[in-house]
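**Q** All chains, please: the whole structure from these sequences, using the hints.
Protein chains: 2
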Amino acid sequence: MKPVKVAIVGYGGMGGWHAGKIAEMDKFELAGVWDIDPERLAVAKERGIHTFSSFADVLANKDVELVVVATWNDVHKPLCIEAMRAGKNVISEKPVAMSLKDLDDMIAVSKETGKLFTVHQNRRWDDDYLTMRNIVDKNTLGKVFRIESRVQGSRGIPGDWRREKGHGGGMVLDWGVHLLDQALTMNDGVKLESVWAQTTMVTNEECDDGFYCELKFANGLSYFVEVTTNNFITLPRWYILGENGSAVVEDWDLHGKMTLVHNWDKIDSVPVKAGTGISKTMAPRTDETIHDAPLETVRGDWGQYYGNIFDVLRNGAQQTVTHRQMRRCLKLIEAVFASAAQGQVIAFDEEA
Amino acid sequence: MKPVKVAIVGYGGMGGWHAGKIAEMDKFELAGVWDIDPERLAVAKERGIHTFSSFADVLANKDVELVVVATWNDVHKPLCIEAMRAGKNVISEKPVAMSLKDLDDMIAVSKETGKLFTVHQNRRWDDDYLTMRNIVDKNTLGKVFRIESRVQGSRGIPGDWRREKGHGGGMVLDWGVHLLDQALTMNDGVKLESVWAQTTMVTNEECDDGFYCELKFANGLSYFVEVTTNNFITLPRWYILGENGSAVVEDWDLHGKMTLVHNWDKIDSVPVKAGTGISKTMAPRTDETIHDAPLETVRGDWGQYYGNIFDVLRNGAQQTVTHRQMRRCLKLIEAVFASAAQGQVIAFDEEA
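As they're listed, the protein sequences go chains A and B. Counting in the numbering used here, the first sequence runs from 744 upward without gaps. Counting in the numbering used here, the second sequence runs from 744 upward without gaps.
Hints should not be assumed to be uniformly reliable.
Since the list gives no way to pick out one identical chain from another, each pair is judged satisfied if it fits inside one copy or across any two copies.
The list that follows gives simulated cross-link-like pairs (lysine-lysine, DSSO-like), each with its CA atoms no further than 27 Å apart [unchecked claim]: (1) K805 to K748; (2) K934 to K844; (3) K764 to K1023; (4) K959 to K1074.
Hint data in this document are derived by calculation from the structure and do not stem from the laboratory. Quick caveat, the model's predicted, so the values are computed rather than measured.
**A** Here it is in structure tokens:
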């Protein structure tokens, strides 16, 4: 089958990343890129990539079947809508939109035009995430009741428009949308009951530079999400508690381990000195009741994302990142902001 | 000055601990112990300690000036009140009472009788806590905006009455009361604005076996408290974030470190591979902008607790753990339970 010709709109960090990946894939072909910044266009030309003269030029090109929108967040909506109306299929970088209402407008145009419209939730294929999910899915630790998902930087929001509210900056819309999508994806059939969140503004006066969030699912799972950016010492990427064991995935390179209990009820222990007192409760288990095990690492195949896009366009497949999932994630983003602004727990409405 | 003669009521883990400590102090003298369990009385006798025949026997003893109540939590109230009415000064083990209303009844009797009435909040003298406070007080990390205080066990609630709701069991009333008192004590003049909490019941069906709690103070400090008991891998005891550095106190033995930034604005960095993508935001700082430093360890002198009791009784000093602080801590405990039960953020009323 003939490859899908792709135009990339917005040739910044992620635009460049898509261009590089597309160049490696047989099923896709890079038709060219467009950016409002002449310097970025010059970079593309230097790299031997065709550059469009305007967004209209992209849309007028009959060969372009798919447009990847990798611009500032605030212009995803008009660009995606215009592209679909011009007959193009569309992948938007995340966050797909800055509000649920905007997303609904975009989805309406997708339905109206029959064009593919989805978002690049690439982190569903991250090794660390899949390694964590595998532990949960295989019941390796017994029933998992707590997951903590943290990403911590130390340089605030480094530069450019991601610091600016008008362009959809801030960490909830940046890393947050990934970590929250991961939480929702692994609990796709499970009702999310409530959301508590707190945003931080340590290094930035305009946008949140991080947030803490507690999600409560109807199956009893307590899921914590943190993105912070003024941390000079970091906590593990994943911390997972099951009834019969715990696991840590330290980082993206999958350092970490599991500790499993094989004799839960054997809880005899000698009280430990803890500060000025003693503690029986916090005394460690004796060695014969627990053992360490290496993480069973799972490698993600991100190529499945574009593979699915190809199958949607050529073989009538269903898109992997669905409109329903996109709406749920954006609803959650709005609940995070609402909880932080109101200082209240937000009841999550799965039906809205 | 003559030593203060002490009777200990409840010769369990903490009763035995008080007895041992009192035996070491010149200013105090152990008059004897009483317990409802004959086996515990037998243990005391074996150790050459005088045993009382009943609680009435304790109260009838004219030499006994101070009664330490180290019983189940649910009987602190009647025992403390009866002891004060019999002319005894009283130290209660924590939690001092199971409700604010109960505590107010106890404080009323203290005022009515003029007898000392306080609670053994020994963990204000824990090395790890004082080491953390020293970092905050000295501004070593710049303004501290986030403190995380965790105690994690792996054996549920090990045995006895601490598993039973009727006796005031559960982890909020056990370790929680310490960690929450620490949070309040270091923010004694700062308004606590709100409380979010979630209790856990992983290993016990009757009492909470842990909780997560977020405290928001009016000075902008976000303070997290966790007590959990089914964790086979642990996170650090303290995690502290300041504007110009982070610190970790790993454990009660004060392993840990600080990492300080001496050139915050130099944030150039090379994007890192992070899962299936790249990240500029989460790329680490270059080495020349940060440096590690050892923790400045602070050793607590728990003897100051009993030293203050002596000074109150002999020299007219003010008690260190005040009625106001005891009420504030119990109000917070009630807010934690209320937040967990209602699934809501509780506005904290400092004036109630």
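**Q** So, for every hint listed, does it hold in this structure?
**A** Going through the hints against the structure:
1. K805 to K748: within (10 Å within a copy, 96 Å between copies)
2. K934 to K844: Cα proximity of K934 and K844: one copy only (22 Å, versus 38 Å across).
3. K764 to K1023: Classified as between; 18 Å across copies, 55 Å inside a copy.
4. K959 to K1074: both (15 Å within a copy, 25 Å between copies)
Checked against the numbered hints above, the structure violates none of them.
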